[in-house]
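My request is simple: use the sequences and hints to build the entire structure.
So the chains spell out like this:
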Amino acid sequence: MTVSAGVGGQPRGPWASTWLRMRRDRATVVAMVTLGVVLGLSLFGGAIATRILGHNGAQPFPYAVSGSDLRPTGPLTRVYDTDQTNLDDYGNLLPPPRGTKTTLFPLGADGVLGRDELIRLLDGGRTSLEVAIGAVIVSLLIAIPVGLVAGYYGGTTDAVVSRLTETIMAFPLLLFLVFATAKLNPSLGGIAYSWVVPRGVVTDALLIGAFTSFYPTRLIRAQIMTLRHAEFVDAEHMIGARDRRILGRHLLPHLVPALLVWSSFAVATNILLEVSLSFIGAGVQASTPTWGSLLSNAWGTFYSPRSHDPTVWQTLFPTVAILITVLALNQVSEGVRRAIEPWSQR
Amino acid sequence: MRYVAYAARRTLAALFTLCTLILITFVVYWSLPSTPAQFVYPQAQELTRYQLAHANDLLGLDKPKPEQYVDYLWQLAHGNVGRYWAGSILVNNTHLQQQPIGPTLFRSFRATLAIILGGALLVVLLAIPLGALAGTRIGSPADRVISIGTLVGVCTHPMVLGLILATTFGYGHLNLLPSGGYCPLLRGASDSCGGVHDWLLHLVLPWSTFALLFLALYTRMIRASVAETLPEDYVRTARSKGAGELRVVSRHVLPTASLRVLTMVGMEIGTAIGVCIYIEAAFGIPGLGSLAVRAMGGATSDIDLPYTLAIVTMITLVVIIGNLIVDLLYAVLDPRATLDSPRRVNKGMVGGVM
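The listed protein sequences correspond, in order, to chains A and B.
For the first sequence, my numbering begins at 7 and goes up steadily by one.
For the second sequence, my numbering begins at 811 and goes up steadily by one.
Just to be clear, a hint being listed does not mean it is correct.
Unchecked claim - Partial list, computed: chain A residues near chain B (C-beta under 8 Å):
(1) L99
(2) A176
(3) F177
(4) L180
(5) F185
(6) A188
(7) L266
(8) L278
(9) I286
(10) L301
(11) W305
(12) T325
(13) L329
(14) V332
(15) L333
(16) N336
Said to hold, decoys possible - Partial list, computed: chain B residues near chain A (C-beta under 8 Å):
(17) C965
(18) M969
(19) A1102
(20) T1126
(21) L1127
(22) I1131
(23) L1134
I should point out that these hints are in silico values taken from the structure, not numbers from a laboratory.
Every residue gets a Cβ at the ideal spot worked out from N, C-alpha and C, and that includes glycine.
Put into structure tokens, the structure is as follows:
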């Protein structure tokens, strides 16, 4: 393969050649660019859109909702820029006083309150990604030490860990989440840090992270078990390296490729799990937009689904946002795997 | 004989898992604060100490904890899944009148089983031709369309997918199919609908949702397996004997893939039940999943212990028995397989279905 020779005859390192292989994979490049755009839009899009449109995602606009059946307006409509309602004696919505300015709703309104769907979608992306990435970090923090110890030392620790993970993985994950959110939410729900980390994000990330940590634990354990008797580990023992050094300096780097693949895959799963949490009615506070809460606002929760028939737009925009992000993450995960193990089948 | 010995060993291991999960449920229950006396005296605002003690006695919670656990297992061994705490009626201040959990549990189990089995059949029926088509033409436009197209189902939330299907095809828009509810296959006295026709009609959309979710995983696996098998010698031999493309793929290539599919099915039974929770919520089917959500979540903070235990037991049993059947089938289909060697298929990672 021509990949091995770099500039000036220096052989490329494994990371550089992996990166090169990834750059040559067109689908993966497209997916990475897409992810970059999604990330950028989620981080800054809300603020920029607020500046341009002149309203933010939390302001309710009574005139963005039809008066009779409380259905939100569709995309590209201009609505009266006021939060005062002008009702007649029967409670019907009348046009506002003359001279009231209008403001643009590019993707329509989000529900009965009439908030801007576009800005909520952009802000919601940030919250959803915070939860998804946070959960991956949490589960790696649990899985790495547990998996390393179980795989390296074996014996009783390993037996306990593997039995426990097997038992728990046999059971549907969602039920744990339902149970945990119903019983634990009050004690963890209050953690927040201004608008950067809205209320409930930490709870969601901790719960999802804790209950999804079983898969990487098994992954790490299996890899360490095969590496434990490798020659370089024996050599380490021979020169008197302690277990901590072997694990941290010599075995951990071997896990990076597998964990990288798993992480991007897990972010995708976690985005969908966050939607599930919203459907359970747990999740992030209802006033904070996430992709999940946008959908559950439209469709109701598990306990009371379909409070009303939502408009097509209310479902379409969050679903497409999730679809694009999850597809891109899957493709990146696949691309990383292919670039790391070019010998595996496509 | 070796199958019998293997089945016995596996059953023992499965029973151990079941006992562990029940123990975990008990431990979690004991460690969470709750006032079960509320179930016995639902009207009482403030419970007296006598009432608390009396209720604990009636519910059997004043016994030592190991005894409660062993008692439950003993009852379970006799096929008794227990009675609800909720809705208990105190009779003469001496004993409780409680509803048995069994009938509801088994009825909802049948609904869930119908969704899973029918859905799995649909997945297999769709995934085999799609996977074979993509696998024989890797990199072609057809392959790309199939690979991306099946992924779309996985990348949408199952609940949303179900709701979209329900509102689109159900009553209200296209009026093609019932948008929710469940009709049992065998109509009972209290059922409003039933019979094969109603049953099928009500399950078409849940099955489609199930299939859309799992299609990507299985299509990918069959595709990979077909692509790996095509260069094998025996495939070339079959070709050189003059077998047509269709015969080569269906008789010589696909049987290899079937083993992988089987292993995968065994690994995914828990996931399938998890997915059923969404499907049941979206279509309003009273199945095991919706029963479980009501038992574990719900608005009340008090946990109905027997109800929760019954759900945990039922789901675990489904997973365990399903796994057992798959493993035995595998041993029968692949005589080379040593029964105890672990079979790990590389679960072609697709982020989405959980």
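- [ ] Go through the numbered hints given earlier and state which of them the structure violates, listing their numbers in rising order.
- [x] 1, 7, 21, 22 and 23
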